[in-house]
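A.B. asks: Read off the chains here:
Protein chains: 2
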Amino acid sequence: MNAEILCFGTEILHGDIANTNAQYISKQLAAIGINVYYHSVVGDNHVRMEEAFRLAFTRADLVICTGGLGPTQDDITKEILAKYYQVDMTFDEESFEHVKGIYKRLNREMPESNIRQAYFPRGSIVLHNPNGTANGCIFERKGKVAVLMPGPPFEMIPMLDSQVVPYLMKFSEGVIMGEKYIVTGVGESAVEAILIDLINNQTNPTIATFAGKGRVVVRVTAKAPSQEEAKALIHPIDQEIRIRLGNKVYPADTAGIEEYASQLLLTRQLTVAVAESCTGGLVASKLISFPGMSASFLEGFITYSNHAKAERLGVRLDILNHYGAVSPQTAEEMARGVAFAAKADVGLATTGIAGPSGATEGKPVGLVYIAVYYQGKTEVRELNYPGQRASVMERAAIAVLDLMNKIIAKN
Amino acid sequence: MNAEILCFGTEILHGDIANTNAQYISKQLAAIGINVYYHSVVGDNHVRMEEAFRLAFTRADLVICTGGLGPTQDDITKEILAKYYQVDMTFDEESFEHVKGIYKRLNREMPESNIRQAYFPRGSIVLHNPNGTANGCIFERKGKVAVLMPGPPFEMIPMLDSQVVPYLMKFSEGVIMGEKYIVTGVGESAVEAILIDLINNQTNPTIATFAGKGRVVVRVTAKAPSQEEAKALIHPIDQEIRIRLGNKVYPADTAGIEEYASQLLLTRQLTVAVAESCTGGLVASKLISFPGMSASFLEGFITYSNHAKAERLGVRLDILNHYGAVSPQTAEEMARGVAFAAKADVGLATTGIAGPSGATEGKPVGLVYIAVYYQGKTEVRELNYPGQRASVMERAAIAVLDLMNKIIAKN
Chain A
114 MNAEILCFGT
124 EILHGDIANT
134 NAQYISKQLA
144 AIGINVYYHS
154 VVGDNHVRME
164 EAFRLAFTRA
174 DLVICTGGLG
184 PTQDDITKEI
194 LAKYYQVDMT
204 FDEESFEHVK
214 GIYKRLNREM
224 PESNIRQAYF
234 PRGSIVLHNP
244 NGTANGCIFE
254 RKGKVAVLMP
264 GPPFEMIPML
274 DSQVVPYLMK
284 FSEGVIMGEK
294 YIVTGVGESA
304 VEAILIDLIN
314 NQTNPTIATF
324 AGKGRVVVRV
334 TAKAPSQEEA
344 KALIHPIDQE
354 IRIRLGNKVY
364 PADTAGIEEY
374 ASQLLLTRQL
384 TVAVAESCTG
394 GLVASKLISF
404 PGMSASFLEG
414 FITYSNHAKA
424 ERLGVRLDIL
434 NHYGAVSPQT
444 AEEMARGVAF
454 AAKADVGLAT
464 TGIAGPSGAT
474 EGKPVGLVYI
484 AVYYQGKTEV
494 RELNYPGQRA
504 SVMERAAIAV
514 LDLMNKIIAK
524 N
Chain B
114 MNAEILCFGT
124 EILHGDIANT
134 NAQYISKQLA
144 AIGINVYYHS
154 VVGDNHVRME
164 EAFRLAFTRA
174 DLVICTGGLG
184 PTQDDITKEI
194 LAKYYQVDMT
204 FDEESFEHVK
214 GIYKRLNREM
224 PESNIRQAYF
234 PRGSIVLHNP
244 NGTANGCIFE
254 RKGKVAVLMP
264 GPPFEMIPML
274 DSQVVPYLMK
284 FSEGVIMGEK
294 YIVTGVGESA
304 VEAILIDLIN
314 NQTNPTIATF
324 AGKGRVVVRV
334 TAKAPSQEEA
344 KALIHPIDQE
354 IRIRLGNKVY
364 PADTAGIEEY
374 ASQLLLTRQL
384 TVAVAESCTG
394 GLVASKLISF
404 PGMSASFLEG
414 FITYSNHAKA
424 ERLGVRLDIL
434 NHYGAVSPQT
444 AEEMARGVAF
454 AAKADVGLAT
464 TGIAGPSGAT
474 EGKPVGLVYI
484 AVYYQGKTEV
494 RELNYPGQRA
504 SVMERAAIAV
514 LDLMNKIIAK
524 N
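Here the protein sequences line up with chains A and B, keeping their order.
Take 114 as the starting number for the first sequence in the numbering used here and just add one per residue.
Take 114 as the starting number for the second sequence in the numbering used here and just add one per residue.
Just chain A, same shape as in the assembly (with noise of 0.2 Å):
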C-alpha cells in the first residue's frame, strides 16, 4: 500500500508553520511498512482542496489528510471527502456530546457552528479525539483509504498513534524497521569517517546521519516481510556499531537523552536536584515532561542573580567574586550546593553565557559551564557553543543531563 500525505493549511504555504505533521506521520507509517511516496500542501481553498484529493487517490491508496476539521467556515476537510465519494454527512451524537463536554469543562457557551464538528461523511470510522474538539475520521472505500485528523500536532499525534496506526496494521505489507543510535561528543562528520564503509556499502539495510542539536543520529533501516527478518537483517550492523563507536553511543531502545535521563533516575531510585542560570528552567523541565518524575526530582532553583547562586545554593560570594558566575567554580559549588539544599542523590547545575549580550574578555557568547554532583564528586565540563540564544540554552540543558547519565552509568 502507497500512502500520500495531505496537509490542509494556509499557514504551511505562507511560512508560518513547518509541516512536522508529515514527517511525523511518516515516521509512523514506515514502521509498519506502509511507503509514503508524497507530501503534499494546499491551502484552504475549495478548488484546490477538492483537486488535490482528486489527484492523491489516482497516484495512493492511502491518503492520510491533517487541517480542516476546527469549526469556522474554511474547515471544510470532511465536506470535501463526502463530495468526491458522492455519500452525505450524518450526525454523529457521540461527537456532539464530546464537544458540549469540552465547553462545559472551560465554563463556555458553545458557539453554534462548533455543531459542523459532529457531521462526518455516511459511513465513516469516527476517530476520537481527546485533545480537542475536532474528531477525525476514516473512511474506506475500494481499497481505498481516507484518514481525517486535525491539523495541530498535539490532537493529531495522539490520535494517529492509538486509532489510525492500529487501523492501518491490516495493510501492513512487512515491515520498514529502523534501529536509531544516538551518538554524543563527536561530530557528524567525524561519526560518518567512522562508519563510512558501511555507508558505502548499504542496500538493505540503509544506514544513514543527521545532526541534531548536541547530538548525532544515526539511523539503520532495513526492509523485509517480518519484523524478526527485519532484526536479522539489522543485527550484524548494530553490532558493528556499538562495536565502532563504543560508549558514544547511547543504549538500545533510548528515545532520546531526557528520556533516558528521567528512565535511569527513576530505575536506580536516585533523587535529583537542579540548579540552572543560563538554562533558565529548561533542565527541570525536560526532566519533569516524563510521567512519574515526582518519585525522584525533589526541587529546581532558577538562580539568575548572584544573590541567589549565594542564598539559594550556597556558593560562596569570594568565588563569585573572583572566578565570576560563569566559571566551573561557580558551576561547582551549585551543583554541589543544590544537592545539599535539596538533599538530593544527584545535583545539576548550568551557568553560562547564552547571548546575545553579557560577554566580556575571555568569556564570549555561547561559553557554559556545567556541573554534575554524585557520590560525593562533582564533575565539571566546559561547553563553547556557536549560535543563538535558544539553541545554546538547548545545547546546554542536552549536554549536563547527557554528563550526567554518563556518570551515573559507569558508577
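These aren't lab readings, by the way, just hints derived from the structure by calculation.
This one's a predicted model, so the numbers in the text were calculated from it and none came from an experiment.
Among the clues, some could well be false.
Each pair may be met inside one copy or between any two copies, as identical chains are not told apart.
Cut-off 27 Å, straight-line C-alpha distance, at most; resulting in silico cross-link-like pairs (DSSO-like, lysine-lysine) [said to hold, decoys possible]:
{"#": "1", "residue 1": "Lys519", "residue 2": "Lys293"}
{"#": "2", "residue 1": "Lys283", "residue 2": "Lys336"}
{"#": "3", "residue 1": "Lys140", "residue 2": "Lys490"}
{"#": "4", "residue 1": "Lys523", "residue 2": "Lys293"}
{"#": "5", "residue 1": "Lys476", "residue 2": "Lys213"}
{"#": "6", "residue 1": "Lys490", "residue 2": "Lys361"}
{"#": "7", "residue 1": "Lys361", "residue 2": "Lys523"}
{"#": "8", "residue 1": "Lys217", "residue 2": "Lys476"}
{"#": "9", "residue 1": "Lys361", "residue 2": "Lys213"}
{"#": "10", "residue 1": "Lys519", "residue 2": "Lys217"}
{"#": "11", "residue 1": "Lys490", "residue 2": "Lys344"}
{"#": "12", "residue 1": "Lys361", "residue 2": "Lys217"}
{"#": "13", "residue 1": "Lys293", "residue 2": "Lys140"}
{"#": "14", "residue 1": "Lys456", "residue 2": "Lys523"}
{"#": "15", "residue 1": "Lys456", "residue 2": "Lys336"}
{"#": "16", "residue 1": "Lys476", "residue 2": "Lys490"}
{"#": "17", "residue 1": "Lys257", "residue 2": "Lys523"}
{"#": "18", "residue 1": "Lys217", "residue 2": "Lys140"}
On the provided structure of chain A, position chain B as indicated by the hints.
C.D. replies: Chain B only, in chain A's frame:
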C-alpha cells in the same frame, strides 16, 4: 505569479527531517508578493520526480525545487529539468573549478562523480553555492521559471536570499503583508463568531483564524503594489478587530504571549520571581528565553514536593494539609511566597495535575491553578485542560503569563 515548492528527498518522505526548506522559501516569496499555492515532496525516484515536475508546471508559473543536486547517481534534478525542456546539458567551467576548490581545501581527492555537479541544462543561469559543492540554477522559458537549489538548508538559504530573491523581484507583484492578532481567553469559533461578517466579506485583505496552544491567532493578509498601500488596506480592518475583540487581543507587534510578558516586565521595570509545580520550569524558561531578562527575572523555584513549597515559599503546612497542593489556596500562597522570598514585584505560581497519573477524587488530570501576585494582591484562576502531560504543562505556562500580562496592563 503563482509558485509551487517542490522538494526532492527520500529523507523527508521517511520522516527523518521536516521540510523546513518549504517553510523558509514560502516566507521569502510572500515578502515579495509571490503566492505559494502548493508544497510537494517526492522521493529520489526518476518517474515520480518527472511527473511531479510536469504537474507543478501545469499549476504554477514558478517552480522552486530543492534537493537532488549532489554528486551521486540519484541526484538527477538538473537532468529532469533538461529533459522536460528538451535541452542538453552543458559543462560550466566555473562550477567545476568551484567543486575542485572545495576538495582541495578539505585536502581530499575529488571523486570522479563530482564532475556531474559542473553540468547544467543549456540556457541556465548558474547559482553560486559558497557553502557546498552543489551549485544551483535558474531556467526561464515562455514565462515559466524553474529554480533549482541544493537540499541542505545552510546551503539553500544563502543562495535563495542573495541570488534567487533578487532575480525574482522582476516578477514581484507588490507585497503580501500580514498583520497577526493574538487572542486569549476565548475559543476559535467564538472569535470567528465575533468577526464573521468581516470574514464573509473578505477579498483583500483576507482574514483567517487559527487555534494554537492557549491562544487563537487571527491573521489579516493584504496584497498591494506597495507596503503603504497594503497598510492602507489593513488599517480599517485592524481598527474594527481591535474594537470588537477589546482586551482579548494583544497589542500590535506582539510576537507572542511570552515575548509580550518579557517586554512588559522590562518596560515597566518590574522584577519577577516564579514558583512552579506542574509546569516544572517552563514558565521561567519561556521568560528567560528573551535577551536582557536578567534585569527583571530574579529567581525561580521548582517546588515539586510539599516540603519544598513550605521551605522555599513559606506555604503554610495547614494549607497544604487541608486544601492539598493542587488548590487555589496553595497557588495563592505560592505566588505571594515567591515574590516575598525573592523580593520581587511580581510573583507567578502554577500548581496542578499534569497527568497521566496523580488524579484524585474531585481533582482530575488537567486541573491547574495559576496565581499572580502584584501590588499586594494575588489573583488565582482555575483551569481545566484536556489532553496530555506536555500539552497541560504548555497551556498552564502560557496561561499564567497571559494572566500576568492582563493584570499588569490594567494597573
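A.B. asks: First find the shortest C-alpha distance between Lys361 and Lys523 inside one copy, then the shortest across copies, and answer within, between, both or neither for a cut-off of 27 Å.
C.D. replies: Within. Shortest intra-copy distance 13 Å satisfies the 27 Å Cα cut-off; inter-copy 54 Å does not.
A.B. asks: My question is about Lys361 and Lys217: at a cut-off of 27 Å on alpha-carbon distance, are they close within one copy, between copies, both, or neither?
C.D. replies: between (51 Å within a copy, 20 Å between copies)
A.B. asks: Within a copy, between copies, both or neither: which one fits Lys519 and Lys293 at a CA-CA cutoff of 27 Å?
C.D. replies: within (19 Å within a copy, 45 Å between copies)
A.B. asks: Measure nothing new, just compare the shortest in-copy and cross-copy C-alpha distances for Lys140 and Lys490 to 27 Å and report within, between, both or neither.
C.D. replies: neither (42 Å within a copy, 50 Å between copies)
A.B. asks: Pop the pair Lys476 and Lys213 into one bin, within, between, both or neither, using alpha-carbon distances up to 27 Å.
C.D. replies: Answer is between; shortest inter-copy Cα gap is 20 Å, intra-copy 57 Å.
A.B. asks: First find the shortest C-alpha distance between Lys519 and Lys217 inside one copy, then the shortest across copies, and answer within, between, both or neither for a cut-off of 27 Å.
C.D. replies: between (48 Å within a copy, 24 Å between copies)
A.B. asks: What label fits Lys257 with Lys523 when the C-alpha limit is 27 Å: within, between, both, or neither?
C.D. replies: Close neither inside one copy (53 Å) nor across copies (56 Å); limit 27 Å.
A.B. asks: Up to 27 Å between alpha-carbons, please classify Lys361 paired with Lys213: within, between, both or neither.
C.D. replies: Classified as between: cross-chain Cα gap 23 Å, same-chain 52 Å, threshold 27 Å.
A.B. asks: At most 27 Å between CA atoms: does that hold for Lys217 and Lys140 within a copy, between copies, both, or neither?
C.D. replies: The answer is neither: 36 Å in one copy and 38 Å across copies each exceed 27 Å.
A.B. asks: Is it within, between, both, or neither for Lys490 and Lys361, if the alpha carbons may be no more than 27 Å apart?
C.D. replies: within (22 Å within a copy, 52 Å between copies)
A.B. asks: When no copy is specified for Lys283 and Lys336, does a C-alpha distance of 27 Å or less occur within a copy, between copies, both, or neither?
C.D. replies: within (17 Å within a copy, 48 Å between copies)
A.B. asks: Indicate which option fits the pair Lys490, Lys344 if close means a Cα-Cα distance not exceeding 27 Å: within, between, both or neither.
C.D. replies: neither (41 Å within a copy, 62 Å between copies)
The structure fails hints 3, 11, 15, 17 and 18 (numbered hints given earlier, in ascending order).
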